[in-house]
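Asker: Given the sequences, and given the hints that come with them, work out the whole structure.
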Amino acid sequence: MEWTYERAGVSLQRSDAWIDLVRKIASRTSSPNVLSGIGGFSGLYRLGGGKVLAACTDGVGTKLEVARMTGSFRGLGQDLVAMNVNDLVTCG
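Each residue of the sequence shown is one higher than the last, beginning at 1 in the numbering used here.
Bear in mind the hints are in silico, worked out from the structure with no lab data behind them. Treat the numbers as computed from the prediction; the structure is a model and nothing was measured. One or more of the hints may lead you astray.
Unchecked claim - With beta-carbon atoms standing in for the labels, derived distance ranges:
| hint | residue 1 | residue 2 | range |
| --- | --- | --- | --- |
| 1 | Arg-74 | Thr-4 | 24 to 34 angstroms |
| 2 | Glu-2 | Ser-31 | 38 to 48 angstroms |
| 3 | Met-1 | Gly-50 | 47 to 57 angstroms |
| 4 | Pro-32 | Val-10 | 28 to 38 angstroms |
Heads up, the beta-carbon is just placed ideally off N, CA and C, and yes, glycines get one too.
Answerer: Rendered as structure tokens:
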């Protein structure tokens, strides 16, 4: 049995289409304070006073399917925090 994104319920084509839709909708809410676009690992927003807010959101992805199959959810919370921290670190 081969594991693929499709088998886990992830359609890369549908994901790309969803990202395109979100990009169109999000662009209508943009302002000069938005310092980054969709597609990076985190978003940057100028707060003023020389401060910038870096924000991200990530999930555990297909690891949740493996956890369901094995009945072991241990470590998913740690992984969730670690993946978000990794995404934030990419913006400095």
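Asker: Run every hint past the structure and note whether it holds.
Answerer: Hint by hint, here is what the structure shows:
The given range of 24 to 34 angstroms is respected by Arg-74 and Thr-4, whose C-beta atoms sit roughly 25 angstroms from each other. The hint said 38 to 48 angstroms for the Cβ distance between Glu-2 and Ser-31, and at roughly 46 angstroms that hint holds. Remark: the range hint 47 to 57 angstroms for Met-1 to Gly-50 is upheld by a beta-carbon distance near 54 angstroms. Evaluation of the 28 to 38 angstroms hint for Pro-32 and Val-10 yields a pass: the beta carbon distance comes to about 35 angstroms.
In this structure, every one of the numbered hints holds.
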